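Those protein sequences? They're chains A and B, same order as listed.
The opening position of the first sequence corresponds to residue -11 in this note's numbering, with each subsequent residue numbered one higher.
The opening position of the second sequence corresponds to residue 250 in this note's numbering, with each subsequent residue numbered one higher.
Where hints are given, some of them may not hold.
Quick list of in silico lysine to aspartate or glutamate cross-link-like pairs, EDC-like style, CA-CA up to 16 Å [claimed, not checked]:
hint, chain 1, residue 1, chain 2, residue 2
1, A, 21, B, 475
2, A, 19, B, 325
3, B, 363, A, 23
4, A, 160, A, 63
5, B, 272, B, 282
6, A, 208, A, 110
7, B, 363, A, 25
8, B, 272, B, 469
9, A, 124, B, 328
Derived from the structure by calculation, the hints contain no laboratory data.
Nothing here was measured: the structure is a model prediction, and the numbers come from that model.
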Amino acid sequence: MGLAKKIENPFFKEVGEISRFTARFFREATKPKQEWDEFINQCYWIGFKALTLVGITAFIMGLVLTIQSRPTLVEFGAESLLPSMVSVSLVREISPVITALICAGKIGSGIGAELGSMRVTEQIDAMEVSGTNPFKYLVVTRVLAATVMVPVLSSLAIAIGLYGGFLGVNMKGDVSWTLYWHQAYNALIYGDFLPSIIKTIFFGFAIGIVGCYKGYYSQKGTEGVGKSATTAVIVASLMVFILDLIAVQVADILGLT
Amino acid sequence: MDKKPIIQVSNLNKSFGENHVLKDFSLSLYEAENLVILGKSGSGKSVLIKCIIRLIHPDSGEIMVLDHDISELEQDEMDHLRAEVGFLFQSNALYDSMTVRQNLLFPLRKHWTKEERQDHAESAIQEALEDVGLAHTIDMMPVELSGGMRKRIALARTLILKPKVILYDEPTTGLDPITAREISELMNSIQKKYKTAAIIISHDLNCIRMTGNRIIMLIDGKNYAEGTYENLLQNEDPKVKDFFEGL
Chain A
-11 MGLAKKIENP
-1 FFKEVGEISR
9 FTARFFREAT
19 KPKQEWDEFI
29 NQCYWIGFKA
39 LTLVGITAFI
49 MGLVLTIQSR
59 PTLVEFGAES
69 LLPSMVSVSL
79 VREISPVITA
89 LICAGKIGSG
99 IGAELGSMRV
109 TEQIDAMEVS
119 GTNPFKYLVV
129 TRVLAATVMV
139 PVLSSLAIAI
149 GLYGGFLGVN
159 MKGDVSWTLY
169 WHQAYNALIY
179 GDFLPSIIKT
189 IFFGFAIGIV
199 GCYKGYYSQK
209 GTEGVGKSAT
219 TAVIVASLMV
229 FILDLIAVQV
239 ADILGLT
Chain B
250 MDKKPIIQVS
260 NLNKSFGENH
270 VLKDFSLSLY
280 EAENLVILGK
290 SGSGKSVLIK
300 CIIRLIHPDS
310 GEIMVLDHDI
320 SELEQDEMDH
330 LRAEVGFLFQ
340 SNALYDSMTV
350 RQNLLFPLRK
360 HWTKEERQDH
370 AESAIQEALE
380 DVGLAHTIDM
390 MPVELSGGMR
400 KRIALARTLI
410 LKPKVILYDE
420 PTTGLDPITA
430 REISELMNSI
440 QKKYKTAAII
450 ISHDLNCIRM
460 TGNRIIMLID
470 GKNYAEGTYE
480 NLLQNEDPKV
490 KDFFEGL
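Just chain B, with the same shape it has in the complex (with noise of 0.2 Å):
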């Protein structure tokens, strides 16, 4: 029997003005698998993504999250959808007035109630940073912290909801490689631990290799060309091995 997708996206198109970003897109996710995106900076891998967690509209097509068509959740339903579905940003967006801690507890005012924050917060917070090796850091504000220190908290936020899928964008651009080989590792025990289904968008060599189960790439606005990281390294179309050569 097939297995089912957690995530399919179908025929999907994004314009900006004149620029077409996303033309009749499709993908689909499994049950922790993870699944890198592929594409040129500027070919809409970010948008595709912030599509699929409706931070931006697409122009048509259909996303279905863990069985819910997103396009027609109101917005509370959309907001409890959220919850599985954690978003790891290329900048990682902790919010600066605030300390790790309360970082942390940011995701749970809206999905937990108060007596479950009560009671649950603080276990759930360590436990957040320990997976990400962190929990030290627990009272400092983001500016204290390193650039890999920042990511590993930023995934710490991600993974508090402990949601099926996590979408990262870009996890180590701008780290140093050591660091950037770290995050990779974190990110594949993330996925052992929890059995997360990841959509990773990467320019990274090494993060692809060591974290991609299936690859796709996204050329010209389209699922050019997918499958395993050896089968497009070996993949003959001009356009797939110009982008291995260039990278």
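Same shape as in the complex, but just chain A (with noise of 0.2 Å):
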């Protein structure tokens, strides 16, 4: 296949937009006079929209996490370990990544539904014609709020998934509280928290980016609307798990893991 050939399929020209966007970002986020209070505005509405679900769901995974690893450690009479097994889970992938999913989900969508929106009924055309650059207001904000928000709720995530790991671990077993998180924080060390937010930070980038991506350049009325916010969602989920992939890599040749 040719060079010219390979530029007309959807997939990569999609990618070569979305690189395209992601310089403008960058591009308006470097010039001065940022819209600093619909940032504070966005940061507030990202997390409190994800928070309820990300509470549960950390909460749940924290729970389930140590159900199901303690007869496993049991048979090998390692059950004094549940509590470190479970923080470092947690910290190192099962946090991150569970956040950023939901995240994905809940604000990937959110985005590309409400910028779909706007799209469809002019409300970014005036925005621009009353003199506001629609990009820094609606999308600069919004990526960069989600590029704050996300390792934030994860951090969340990591405290209220090790309240339901104490919680499953005392299920059949008598561990006191401070025991158990003196276990939980001796495991951990400083090279399982950095790669973890600094993953998150990227998970969120991406999050911001492709649901703005998609509902910036929404077409096609109520149905492109929707189309915006599925496909942010898939791609959203799917960058997550490469930039997972990547994050291990990376951690792994830089010896932190």
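Since each chain comes alone in its own frame, lean on the hints to assemble the complex.
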């Protein structure tokens, strides 16, 4: 297949368009006069919208992980390692990925539908006509807010998941609150936290960019809005897994695993 | 002495793929004049006014707005010029997550300083809403308003910056005849009160008759015929005749 044919391929075209969109984001985000009020507003809404779902899911994940892992650890006489295993699993992988997937569904689709609806009802054009840069007002603020809030939500998910794990440990055992937290924290090293936080920053950025891209260039009326929201979730979820794979490889190369 | 146009479009061309919607189109708009652009759906009327406000970039041609060649303006200069040119969207384009007050406040954030907004925004919002007869809706959400009310609020948002020119994109489409008539009357009263000039895109015969001082027929991408409503009604050209008979 020649290069020209490859460029005509919808997949490559889409990759090219998202890359251009991302480059524009960096250009606009580094220009002076940011929309800080809208950024704070978006941080509140993104955090608030996903907090309940992230909290409930993290609690259940911590609880289930503990209950499911206990029989295997008991078999090897390593039941006392349960808090350590739960904390390492939650910090390294489960909380960042589950939080990012929930955010891809909740925030990615929300942004895609909101901007898509604004596009088809000419609200984005109206913003431009009124002299406001819609890219800066709508896209830069939402992408930055997602980039900031997904790590915050993931950190909260770790704390809530560990609490769920504590309840799980005590369903068939008797471990004090202090001992549980002591064991959970002792098992963690700096190299567990750093990759986890860094990858959630990238997850948040990817969710924001994909949601905004799909919504900002939405077409074909209400059908287009629905399509924007759906594809935002699919592409953002896929991006989360791809970034997770890359993060694991990079952390491995850097000796952080 | 000849009057100087405040908007001058010369030899404008715009294509979308194989579809050439505007072919060497030209027009002049003068102060305090309501100019109606009449044409079939898809004939490029909305494209024309979106080119004038630089929402769409033409392929070639020159557009002078208030003595500025808009193709040569930097983005910041264009944003300032946009304060002088209001645009009423066909879909109203009200920000549906904001109240009426916030909708009207939005254009001011770019063009007024923080102090100006603190001191004068509330009175400007009240005045704009009173102009369209909807002062009581100030704290309502767009979804709570009827189609006609939304159109009036969109017009109030356009008026808040006191533009010299207003571009109306099918202002009465989708409204019942009584509301459409009220909107046409409102457009006339705004023209009288603020001495604004306007380009009006419309299919609505009553609106055209009530508001238009001059009419341009956009056929085959060109300025096909021009004159007052009565002139065009008596025009014997088959395309013009067909159009009026079809309305």
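Ascending list of hint numbers which this structure does not respect: 1, 5
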